[in-house]
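Model the placement of chain B on the given structure of chain A, informed by the hints.
So the sequences go chain by chain: A and B.
Going by our numbering, the first residue of the first sequence is number 2, and it counts up by one from there.
Going by our numbering, the first residue of the second sequence is number 2, and it counts up by one from there.
Mixed in with the good hints there might be a few duds.
Copies of one chain are not kept apart here, so a pair can be met inside one copy or by any two copies together.
Computed cross-link-like contacts, DSS-like style, restricted to lysine-lysine with a CA-CA straight-line distance of at most 27 Å [claimed, not checked]:
#, residue 1, residue 2
1, K16, K51
2, K95, K233
3, K251, K267
4, K276, K41
5, K41, K267
6, K276, K32
7, K266, K281
8, K322, K160
9, K281, K251
10, K32, K281
Keep in mind that the hints were calculated from the coordinates and are not lab data.
Please read all numbers here as calculations on a predicted model, not as lab measurements.
One letter stands for each residue in the lines below.
There are 2 protein chains.
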Amino acid sequence: MFESHTGALQDSSSKVYLRPETAQGIFVNFKNVMDSTRVKIPFGIAQIGKAFRNEVNPRNFTFRSREFEQMEIEFFCNPKESRMWYEFWRDLRKGWYTSLGIKSGNLRPREQGKEELAHYSVGTTDIEYLFPFSDEPQELEGVAHRGDFDLKAHGKHSKNNENAFEVIEESEPRSSDRADLADSESPRGLKSAARFVPHVIEPSAGADRFTLAVICEAYSFDEKRASPEFMKFHPRLAPIKAAVFPLVAKDGLPEIAEPIFREIKKAFPAQYDVKQSIGKRYARMDEAGTPFCFTIDGQSKEDGTVTVRNRDDASQIRIDKSRCLEYLREQLRL
Amino acid sequence: MFESHTGALQDSSSKVYLRPETAQGIFVNFKNVMDSTRVKIPFGIAQIGKAFRNEVNPRNFTFRSREFEQMEIEFFCNPKESRMWYEFWRDLRKGWYTSLGIKSGNLRPREQGKEELAHYSVGTTDIEYLFPFSDEPQELEGVAHRGDFDLKAHGKHSKNNENAFEVIEESEPRSSDRADLADSESPRGLKSAARFVPHVIEPSAGADRFTLAVICEAYSFDEKRASPEFMKFHPRLAPIKAAVFPLVAKDGLPEIAEPIFREIKKAFPAQYDVKQSIGKRYARMDEAGTPFCFTIDGQSKEDGTVTVRNRDDASQIRIDKSRCLEYLREQLRL
Chain A
2 MFESHTGALQ DSSSKVYLRP ETAQGIFVNF KNVMDSTRVK IPFGIAQIGK
52 AFRNEVNPRN FTFRSREFEQ MEIEFFCNPK ESRMWYEFWR DLRKGWYTSL
102 GIKSGNLRPR EQGKEELAHY SVGTTDIEYL FPFSDEPQEL EGVAHRGDFD
152 LKAHGKHSKN NENAFEVIEE SEPRSSDRAD LADSESPRGL KSAARFVPHV
202 IEPSAGADRF TLAVICEAYS FDEKRASPEF MKFHPRLAPI KAAVFPLVAK
252 DGLPEIAEPI FREIKKAFPA QYDVKQSIGK RYARMDEAGT PFCFTIDGQS
302 KEDGTVTVRN RDDASQIRID KSRCLEYLRE QLRL
Chain B
2 MFESHTGALQ DSSSKVYLRP ETAQGIFVNF KNVMDSTRVK IPFGIAQIGK
52 AFRNEVNPRN FTFRSREFEQ MEIEFFCNPK ESRMWYEFWR DLRKGWYTSL
102 GIKSGNLRPR EQGKEELAHY SVGTTDIEYL FPFSDEPQEL EGVAHRGDFD
152 LKAHGKHSKN NENAFEVIEE SEPRSSDRAD LADSESPRGL KSAARFVPHV
202 IEPSAGADRF TLAVICEAYS FDEKRASPEF MKFHPRLAPI KAAVFPLVAK
252 DGLPEIAEPI FREIKKAFPA QYDVKQSIGK RYARMDEAGT PFCFTIDGQS
302 KEDGTVTVRN RDDASQIRID KSRCLEYLRE QLRL
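So that you can see chain A by itself, here it is in the shape it has in the complex (with noise of 0.2 Å):
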């Protein structure tokens, strides 16, 4: 870990360090948010921001870096259908790399064996990539079942009593009614049947390296294109959704092109480009990993019609002018 000094005098009470992982912070506020919102178990608590730790060899662009930007959940349910969720959430994250577009291929999920796992935990995932500088897959996330073993831990350093984050079982939402609810059974029938400290499931993945697999997985190459390097973003990712070019900058197209653009550019980020050929032009967006440029030519001003160009195949097709923004929400799905 990275060891610091708060306040002017540097000795062992000032003595602080950087945050290895965001996870601890959570715990920390469980109760507090159980307390101040109108959740009740099961529920999760998200978290993303900056962990730290003091890596001797730093290498694999940032692979392993020395600061990095973690996300991660803390699933905090009833003990009974911890499996459950464990398995739910181990295949809903899976799920989330395929969806934006890292291949089935390069992604490795891999169930620990029995001997690799904690005692109090039925299961962690690692979900691994294979990177190209790698031979062997490397984590992205780990999916574990943690069981209560955090909570306990931290009701015994807080209250020494490991069941002080104990919740309250209902099926009812929780609110300021928790009263009836402790009248209408006894305190002893309660304790015994109706209370636990919830087991965690938590998902924890580096935003870094996702970002890096992304781009690996992004990166083609096609000898026959006029630009044969491109990046082909899944466009939920594509950091520019749309370009809008009118094929010549005179005879009324930049007059044509520039509403549409502002209207694009109202809702995605977007840019308008008139120089150089358009052959040049598709080649930058598809260099950027732009998934669609609208042209507007000569035909635009004859039948209102523009073309979508495909960064994938440079297939075209040819849509009203009125349907860009349309057309582009239905292909993004946003």
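Structure of chain B alone, referenced to chain A:
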């Protein structure tokens, strides 16, 4: 600053510091951004991120803390236009706070006097806010004219040439045709007439301080209301944009309310609530600062209209149930 060490050994060669501001990373990347994107002067680079200061005495909630979120723009412009751009950013940034609901009476822009200014600066404005915990206005943001001080300093330290970050003055967008430009003019002519180290205008703001100001500003008390305390967030900043309530959880009202909720939820953070009296549900949303509540009642079944309740004055109007999302978009201008 916070001091630490990288790697296994703690000696002077491994000493590192946590960054006290985000700005320097932008200057370091200035040339890279110029060369790899198609921007031309004037343009800005914006960044938001964590910064760290070893405050001896952190206080006033999140106002002065050791770890904070900073948001900065370095705007690069022609020295001849730098005063104009300084005034542009100073006014734009003041307007930004006002447009997000910070009342002008509490917002106190303070132009630094000549004696406070650095020698290279033609002006600096501190945008200050009068927090309830303080007798004097406190800084939320500084808008500084920094001249060419930073780029010259970086040039000197990287290449021992304070003109290392000179750019060529052009009226056309930069592109790969820089070579053409050089052909058409003699190198000597270019050097004397058309090269300059850009001046920098720097709006530098604390995201945490702004958030604290928003909370202070939103806190409202009206003893005539059922729930006297409520948060009058500007709708664009409200964490929940809308709530949907069936007046009662029967008589076919949830069947009308649920599709409305699902439609809104796709576009905006929204809540659905069927529990307790409608007054309690409104009060809960007032406390969370939700600007609009849609209520489905008996009349909704007859004429297809629903009630929209406005948080600020508790006024109610009826609109067609098909127009809820559209109404919200209009009100939020999102």
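Status of the hints after comparison with the structure:
no. : hint           : result
1   : K16 with K51   : both (20 Å within a copy, 20 Å between copies)
2   : K95 with K233  : within (20 Å within a copy, 41 Å between copies)
3   : K251 with K267 : within (25 Å within a copy, 41 Å between copies)
4   : K276 with K41  : between (57 Å within a copy, 14 Å between copies)
5   : K41 with K267  : between (38 Å within a copy, 22 Å between copies)
6   : K276 with K32  : between (58 Å within a copy, 23 Å between copies)
7   : K266 with K281 : within (22 Å within a copy, 41 Å between copies)
8   : K322 with K160 : neither (66 Å within a copy, 51 Å between copies)
9   : K281 with K251 : within (18 Å within a copy, 62 Å between copies)
10  : K32 with K281  : between (57 Å within a copy, 24 Å between copies)
The structure fails hint 8 only (numbered hints given earlier).
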